[in-house]
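Asks: full-length UniProt numbering applies: residue 1 is where the sequence shown begins, and numbers increase by one.
Some hints here could point you the wrong way.
[Claimed, not checked] With a cut-off of at most 27 angstroms between alpha-carbon atoms, the simulated DSS-like pairs for lysine-lysine come out as follows:
(1) 39 / 24
(2) 118 / 39
(3) 24 / 40
(4) 118 / 24
(5) 40 / 118
These are calculated hints, taken from the structure and not from any lab test.
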Amino acid sequence: MAVMVAADPVLPAFMLCSTLLVIKMYVVAVITGQVRLRKKAFANPEDALRHGGPQFCRSDPDVERCLRAHRNDMETIYPFLFLGLVYCFLGPSPLAAWLHFLGFFMGRVVHTIAYLGKLRAPIRSVAYTLAQLPCVSMALQILWEAARRL
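I would like the entire structure built from these sequences, with the hints used as guidance.
Replies: See below:
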């Protein structure tokens, strides 16, 4: 495996972007926890009791925003992890692969910043759409290659 990674620049590019995306998801999870603590809005009664009482087992708009950002990450990043890995095995040009991986990564970072920062519309929607374009491209290339080999 190490020889393949060293000889092929596409897989390391995917590994870098994928790992950064997973770290970004962890950061959103930590932010969610911090917002819960700051706003005293806990999902579980035992957490509310530990932090002030049962009245703090409640929802909060800012916590819900963090949760939606995290859910959106799961809905988009998990498919990217699959598509990107399969795409690596198609033998794409390193430049094309980097553009796909970096485009998705940057779109997701901007999407998260726009979501959590409550930036004006349509920044978040544009970032979402731009991040999805590389996924659509990779999916179509995978389908084409799979159909070609049938």
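Asks: Work down the list of hints and note, for each, if the structure agrees.
Replies: Each hint tested on the structure:
For the suggested pair residue 39 and residue 24, the alpha carbons sit about 22 angstroms apart, so the restraint of at most 27 angstroms is met. Of the pairs offered as hints, the one joining residue 118 and residue 39 holds, with about 17 angstroms between alpha carbons and a cut-off of 27 angstroms not exceeded. This hinted pair checks out: residue 24 and residue 40 have alpha carbons roughly 24 angstroms apart, not beyond 27 angstroms. Under the criterion of a C-alpha separation no larger than 27 angstroms, the hint pairing residue 118 with residue 24 is consistent with the structure, at around 18 angstroms.
The suggested pairing of residue 40 with residue 118 holds, with an alpha-carbon distance near 20 angstroms, which does not exceed 27 angstroms.
Hint violations for this structure: none, all hints satisfied.
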